[in-house]
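Protein chains: 4
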Amino acid sequence: MVTFAVVGGDVRQLKLVQLLRQEGHKVNIAAFEKDPDFNKECMDFKNAVGLSDCVLLPIPAFTAEGYVVTQCSDERISSNALLKSLNPGSLVIGGRLGEEFESKAAELGCCASDILNREDFSIANAVPTAEAAIQIAMQQLPITIAGSKCLVAGGGRIGKQLAMRLHLLGADVTVTVRKASDAAFCESFGAKAEYTARLETLVQGSDIIFNTVPELVFDEQILAGVDKTCPCIDLASMPGGFDDEAAEKLGLVLIHALSLPGKAAPVTSALNLKKVIGRILAETAAPCH
Amino acid sequence: MVTFAVVGGDVRQLKLVQLLRQEGHKVNIAAFEKDPDFNKECMDFKNAVGLSDCVLLPIPAFTAEGYVVTQCSDERISSNALLKSLNPGSLVIGGRLGEEFESKAAELGCCASDILNREDFSIANAVPTAEAAIQIAMQQLPITIAGSKCLVAGGGRIGKQLAMRLHLLGADVTVTVRKASDAAFCESFGAKAEYTARLETLVQGSDIIFNTVPELVFDEQILAGVDKTCPCIDLASMPGGFDDEAAEKLGLVLIHALSLPGKAAPVTSALNLKKVIGRILAETAAPCH
Amino acid sequence: MVTFAVVGGDVRQLKLVQLLRQEGHKVNIAAFEKDPDFNKECMDFKNAVGLSDCVLLPIPAFTAEGYVVTQCSDERISSNALLKSLNPGSLVIGGRLGEEFESKAAELGCCASDILNREDFSIANAVPTAEAAIQIAMQQLPITIAGSKCLVAGGGRIGKQLAMRLHLLGADVTVTVRKASDAAFCESFGAKAEYTARLETLVQGSDIIFNTVPELVFDEQILAGVDKTCPCIDLASMPGGFDDEAAEKLGLVLIHALSLPGKAAPVTSALNLKKVIGRILAETAAPCH
Amino acid sequence: MVTFAVVGGDVRQLKLVQLLRQEGHKVNIAAFEKDPDFNKECMDFKNAVGLSDCVLLPIPAFTAEGYVVTQCSDERISSNALLKSLNPGSLVIGGRLGEEFESKAAELGCCASDILNREDFSIANAVPTAEAAIQIAMQQLPITIAGSKCLVAGGGRIGKQLAMRLHLLGADVTVTVRKASDAAFCESFGAKAEYTARLETLVQGSDIIFNTVPELVFDEQILAGVDKTCPCIDLASMPGGFDDEAAEKLGLVLIHALSLPGKAAPVTSALNLKKVIGRILAETAAPCH
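Protein chains in written order, with the numbering used here: chain V, 1 to 289; chain U, 1 to 289; chain C, 1 to 289; chain H, 1 to 289.
Hints may contain errors.
[To be verified] Stretches of chain U that chain V covers, calculated by requiring three or more beta carbons in the stretch to come under 8 Å of a beta carbon on chain V:
#1 117-131
#2 165-171
[Stated by the list, open to error] The calculated label-pair distances, taken between Cβ atoms and stated as ranges, are:
#3 C:ASN117 with U:GLU283: 25 to 33 Å
#4 C:GLY251 with U:ALA197: 52 to 60 Å
#5 C:GLU100 with U:ARG21: 30 to 38 Å
#6 C:LYS192 with U:ASP74: 53 to 61 Å
#7 U:GLN140 with H:PRO214: 42 to 50 Å
#8 U:GLN71 with C:LYS192: 55 to 63 Å
#9 C:ARG96 with U:GLN204: 42 to 50 Å
#10 C:SER259 with U:GLN204: 37 to 45 Å
#11 C:ARG279 with V:ARG279: 44 to 52 Å
#12 U:GLN204 with V:ARG21: 18 to 26 Å
#13 C:GLU119 with V:ARG21: 47 to 55 Å
#14 H:LYS249 with C:ASN80: 49 to 57 Å
#15 C:LYS263 with H:SER259: 56 to 64 Å
#16 V:HIS256 with H:GLU99: 28 to 36 Å
No lab work stands behind these hints, which were simulated from the structure alone. Remember, it's a predicted structure, so these values are computed and weren't measured experimentally. Quick reminder that beta carbons are idealized off the backbone N, C-alpha and C, glycines included.
Please work from the sequences and hints to get the whole structure.
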């Protein structure tokens with residue numbers, strides 16, 4: 001049994017607390033005083049962290065200014081204050097912790113594990129993302145996915161899961177890829193794979209476009225060929241893959257769909273988190289203690 | 001080229017008008033004066049019907065009191081008034097026309113074709129229904145369809161399309177059937193099939209329940225075994241397959257999801273309509289004229 | 001517990017005997033003396049039939065000359081001799097029994113049930129047929145099913161199961177149909193559906209052709225457009241759907257693949273048989289006894 | 001246009017020659033004198049190699065003794081002799097070339113590219129391998145894939161493609177993995193994923209077992225739990241993942257299914273080769289010339 005501290009985060013973290021307690025772990029909570037269920041048991045973050053073997057931070061863990069992301073609290077906890085409260089030998093798990101944080105934690109004799117660098121977490125999370133993207137597509141489209149022409153930019157983890165599901169639902173799916181191995185995989189289940197360079201031609205006649213590539217892919221010239229009735233769903237972190245201004249000027253429907261796993265399937269998300277946390281604990285047990 | 005009259009209906013009918021005109025047909029419109037696009041060209045229904053070879057009524061065509069369903073109009077057109085306006089030799093197509101209407105039409109030398117009796121229409125429409133049911137499930141569930149335990153009551157056209165899609169999305173699907181041939185079909189693609197009599201056991205542990213059977217299937221005793229977090233989606237026409245009162249008393253989430261094709265995928269719906277109307281015209285050309 | 005007589009048949013029947021005995025039924029066997037395992041316990045067919053409540057005949061039951069099909073025996077048992085041996089009130093189950101046999105059985109106070117008229121049996125059996133057809137295709141083709149262009153003539157039970165599987169394996173599938181409702185179903189899972197009249201065009205460029213229609217569909221003119229490297233797999237009973245002479249003249253590879261369930265998946269076949277026999281017994285218990 | 005030399009190999013290489021010539025390339029052939037079609041145009045390997053920009057060797061390229069694999073020739077061409085014949089600046093492509101060969105080629109101013117190190121080739125080739133494994137399973141099993149319990153050891157490229165297809169065909173599929181990310185992927189499409197350590201339990205009740213792991217996974221203790229009717233298909237290179245002696249002692253059916261892409265789908269294989277060769281040429285053009 002492990003003593004956890006859950007510091008900040010959203011509805012996923014709260015679900016995670018339940019799951020960890022169901023397995024018999026002790027969980028201290030900090031920075032959740034705005035949540036009606038957890039308000040009473042909220043502890044000072046220094047106590048929560050100091051009393052725990054494993055500190056769970058949000059995903060991503062910190063704001064641009066270096067404070068823990070606290071959606072259910074007004075508390076401002078800097079990454080440095082957090083580091084100071086750590087027990088030597090403890091483990092910190094969170095998203096996009098940053099090299100500086102990781103090396104400082106190491107100096108303090110602690111392990112820091114960035115969950116967003118783990119492929120098992122990314123693949124597991126691609127499923128709720130792909131499902132949520134399909135849900136948005138169903139809401140936006142006046143036609144069924146079955147029989148529709150779908151374009152997916154990017155053949156990575158999310159692109160693969162999304163394209164596979166669209167194909168299975170009866171859509172005509174084209175995936176644009178950069179890596180030949182992603183093309184091979186997408187073709188293996190019946191999608192068409194094309195290189196990104198051909199996007200200008202490929203957008204024509206598409207009923208819906210999904211982007212998963214975290215850089216500008218759909219510039220003004222490419223967007224000019226997109227049908228006015230074709231929704232564009234951007235799954236990549238901001239600023240995303242579309243030229244927003246151009247899309248607006250052209251009157252296109254552009255939806256930035258972000259943080260989908262936590263929003264669309266918080267319980268599945270928390271279960272994925274718990275699984276991966278268990279694996280990190282198993283893997284780092286030896287070097288940390 | 002055929003002259004159509006479209007009398008009453010919803011957004012599907014409006015889309016249908018566009019599709020028919022794109023193919024070069026003349027279309028007269030009545031009982032749509034509340035729609036901004038069609039307001040100006042709305043005709044008196046007697047003229048519209050009298051000038052046309054083929055009259056398209058809504059699906060279903062008539063209210064319980066025997067008036068044409070007119071969602072975009074306050075006009076009250078009785079089925080008898082409609083019959084009187086028909087050209088001899090013309091064809092009337094609509095949903096649930098009723099035997100009396102059909103025999104009266106025949107007496108006037110007209111053909112009446114109930115589109116809801118056509119299997120091609122029902123099967124084509126089961127696709128938008130199944131997709132919309134999945135969309136609702138995604139909205140309601142805090143978990144992904146992948147890995148969820150889904151129970152589908154009824155292995156008919158909609159049950160098959162729904163169960164097939166849920167299975168392909170990675171769910172663990174059980175379908176309850178009455179006909180052994182439906183069991184055989186559902187097993188053929190990897191779902192489990194059980195007889196309806198076993199529902200009381202099957203509801204336990206389900207993450208979501210869909211009903212497609214148009215009669216009371218889920219009574220109080222069966223509902224008592226349903227998990228409080230398990231949404232119940234009723235796809236059958238009212239009153240549907242759930243004991244509404246019992247569901248409310250038990251605090252269950254029960255959603256009556258009706259007329260899904262027209263709401264969730266009006267364009268696909270209108271395309272299906274147009275295809276089937278074309279087939280009815282081809283099949284009835286000889287006997288009617 | 002029921003006493004069965006199994007008279008004639010093939011390896012499926014032998015497997016069926018095992019399955020029935022595993023469930024505690026008594027099974028008398030006749031006309032299997034060439035089978036090493038059953039040779040010793042073979043009874044005279046009159047005794048076997050006379051001592052049983054339910055007589056299981058092969059599928060199909062009789063040769064063109066009216067004798068029971070006995071693949072593991074040289075015995076010639078006429079349908080009339082069989083009828084004479086029946087216990088009043090007993091049930092006869094077999095394939096393609098014929099109206100004459102059924103009415104004669106009724107005169108003797110017996111029930112005769114033609115298993116090939118049951119939709120549950122046909123649908124369950126379409127699965128091993130579809131799988132075996134895919135196995136043959138894999139053997140014949142120097143390319144993978146994934147990415148191949150497949151043409152399936154006929155959108156009935158076998159056509160649907162076959163087309164669905166080929167699509168899921170990543171093929172580009174076209175199904176030719178006669179019924180609009182079959183077209184709607186095939187389109188629902190992502191195949192293309194076309195009317196049979198368009199076959200002459202559709203054969204061009206196909207990598208493999210499957211026929212499921214039990215009448216001449218592929219005549220000389222249509223076959224002339226088939227690529228020399230495109231295998232033709234006929235799943236329909238002889239004479240099947242291809243003009244054999246024309247195919248030979250054109251140098252095409254034509255394979256008559258018959259009785260696939262018993263050959264490719266005898267155990268699944270026997271399990272399907274047992275399930276359906278159980279249902280027939282349940283349904284006919286009342287009227288027969 | 002490029003001048004190729006194809007030296008040694010099997011039917012895939014011959015098909016590849018056709019495909020390259022169809023695109024207008026010049027292809028010199030060596031070590032194919034036993035093939036009736038290519039016998040006449042066979043050149044001395046030194047000429048063939050010396051006159052070419054790009055030398056295509058078999059996959060794998062060399063025997064354990066260091067000679068080119070020549071299935072259609074008795075010629076013995078050592079890797080050193082081959083190196084000596086190379087044009088400076090030319091490109092050599094083949095399977096498992098070895099570090100020594102690659103560094104010697106580099107010394108001669110040539111590029112050597114091991115096609116078996118390319119992920120795009122491995123993924124593309126996993127499709128014919130997975131299909132061929134399913135074909136073998138269909139031949140071996142007296143039941144259908146639909147409804148069968150399948151165990152796949154290894155969740156790598158081949159394991160994923162195989163498990164995905166078995167699941168889509170309606171099987172109950174468990175994949176054993178070493179990497180958590182492979183577990184996540186296999187679960188994403190509906191298979192169960194377990195760690196390899198649990199194999200002893202998992203083999204029980206399996207209808208068929210596939211191995212894709214290139215080391216001893218199924219030892220005597222694990223094999224003792226395998227049902228006598230459960231075929232074991234080994235897809236990993238010799239010696240493979242089963243203890244052959246133990247399997248024989250236990251009376252299990254063990255099939256070493258090797259080099260499946262070339263055997264089961266030589267044309268798809270040659271097309272994959274051609275695609276990847278094209279990419280290697282594009283990528284290495286600059287550094288080599």
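Worksheet item: Does the Cβ distance between C:GLY251 and U:ALA197 fall inside 52 to 60 Å?
Response: 57 Å, holds
Worksheet item: Do C:LYS263 and H:SER259 keep their Cβ atoms within the hinted range of 56 to 64 Å?
Response: About 28 Å separates the Cβ atoms of C:LYS263 and H:SER259, which means 56 to 64 Å is violated.
Worksheet item: Is the distance from the Cβ of C:LYS192 to the Cβ of U:ASP74 consistent with 53 to 61 Å?
Response: 44 Å, violated
Worksheet item: Taking the beta carbons of V:HIS256 and H:GLU99, is their distance inside 28 to 36 Å?
Response: 48 Å, violated
Fill in: Outcome, coverage hint (the region 117-131 of chain U, chain V; C-beta under 8 Å; three residues)
n = 3 at 8 Å, threshold three: holds.
Item to complete: Return holds or violated for the Cβ distance of C:SER259 and U:GLN204 against the range 37 to 45 Å.
Response: 42 Å, holds
Item to complete: Take a look at whether the Cβ-Cβ distance between H:LYS249 and C:ASN80 falls inside 49 to 57 Å.
Response: This hint holds: roughly 55 Å between Cβ atoms.
Worksheet item: Between C:ASN117 and U:GLU283, does the beta-carbon spacing fit 25 to 33 Å?
Response: Distance hint for C:ASN117, U:GLU283 holds at roughly 28 Å.
Discussion item. Quick check: does the Cβ-Cβ distance between U:GLN204 and V:ARG21 fall within 18 to 26 Å?
Written reply: Check passed, 24 Å falls within 18 to 26 Å.
Worksheet item: Do the beta carbons of C:ARG279 and V:ARG279 sit within 44 to 52 Å of each other?
Response: For C:ARG279 and V:ARG279 the Cβ distance comes to about 48 Å; the hint holds.
Worksheet item: In this structure, is the beta-carbon distance linking U:GLN71 and C:LYS192 contained in 55 to 63 Å?
Response: With a Cβ separation near 35 Å, U:GLN71 and C:LYS192 fall outside 55 to 63 Å, so the hint is violated.
Worksheet item: That 30 to 38 Å hint for C:GLU100 and U:ARG21 (C-beta), does it hold up?
Response: 58 Å, violated
Checked against the numbered hints above, the structure violates hints 5, 6, 8, 15, 16; every other hint is satisfied.
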